[in-house]
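A.B. asks: Just so you know, we're using the working numbering here: the sequence shown kicks off at 160 and counts up by one.
Hints in this document: simulated from the structure, not taken from any laboratory.
Some hints here could point you the wrong way.
What the hints assert, rightly or not - Simulated crosslink set (PhoX-like; lysine-lysine; CA at most 20 Å straight-line):
id, residue 1, residue 2
1, 486, 389
2, 178, 235
3, 389, 310
4, 486, 439
5, 178, 344
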Amino acid sequence: MLSQIKRFLVAQTFEDEEKERQAGMLNTLLWAAAVLVVLYSLSIPFTIPNPTPVILLLGGVVLLLGITFFLMRQGKVKAASNVLAASLWAITAGTAVFFGGIISPSFASLVLIIFGAGFLLGTRAAVIYTFLSILYSLGLLYADLHGLLPKSLSPVTPASFWAGIVINFITVAVFIALANRSISKALERVRQELDERRRAENELRISEQRFRTLITNYPDMIFVVDVPTKIITFVNRGVFLGYTRQELEDADPVSFAVALNDHYLAVAHWEEMLLPDNQKLDPIEYRMINKDGQIEWVQNRKTVLSRDKTGRPVQVLITLTLTTERKQLEEQF
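Turn these sequences into a full structure, and let the hints guide you.
C.D. replies: Here is the structure:
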């Protein structure tokens, strides 16, 4: 039973975060309005000399709240917000005409409608309702000054004025509470996002450290090459075949230190890698000259890391594995 009551009172949840925020505010405003209607109804016998028009007006407000609540429960949150804002503005504006004109407490309540429209529908809605209210107030002032307004259906007394102002006070407090809740939720989301970002950055930093440790101690020589410029952007070791890191970084990734007789093999392998969408590239073996002028056999494996829109390689990873000892053993046997 309690769970059913709670489900009835609490706003629905939606996948859309903005829609859920709007539904939460609308739900709070509807229940706050319902409570205010009850409180104001209880004060009527003590504050209003001619209560019949006011009771009829409150009945219309209750009907409006019911329609809005129904639309909200159907998931039509924006439509419900528009219906509530437009209808309350029209009711409040009409009430001012028949209940005292420009000095009517209901006229002052237009400020609350502007606040509500802003909370539910955003800044644009608040600006629109502000502009309408200014135009309406000018018309109402003109009619009031020239005696064009009908006689008040229920004269404004100090007690009725007090009751109306108290309702406005309570409504303002509700808006402030909603604003504070929205700010608190926004700050909490920002804190969570910052925590998640810090956690992700920390995990990434740890992963990078592990990768660097692994790749630095890897027995093979690894290059990352920017294919269009043939610039080597990464090498995993400081020395290879006697060449320094600087010499390796400045080298031509296609033919650096390749034995003259095997130069064509290295070039052909590079050009084969350049073919669009070439998903399988077999490794090749060729001879390289170390810094001491000695022949070393290496196996060259290329892995494309990224391609452009046409399928041509943009970044490639080149792995060089020394195979000199294996070649020597093969020659012996």
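A.B. asks: Next, verify each hint and record whether it holds.
C.D. replies: Hints, one by one, checked against the model:
no.	hint	result
1	486 <-> 389	30 Å, violated
2	178 <-> 235	9 Å, holds
3	389 <-> 310	89 Å, violated
4	486 <-> 439	25 Å, violated
5	178 <-> 344	14 Å, holds
The structure is inconsistent with the numbered hints 1, 3 and 4, although it conforms to all the rest.
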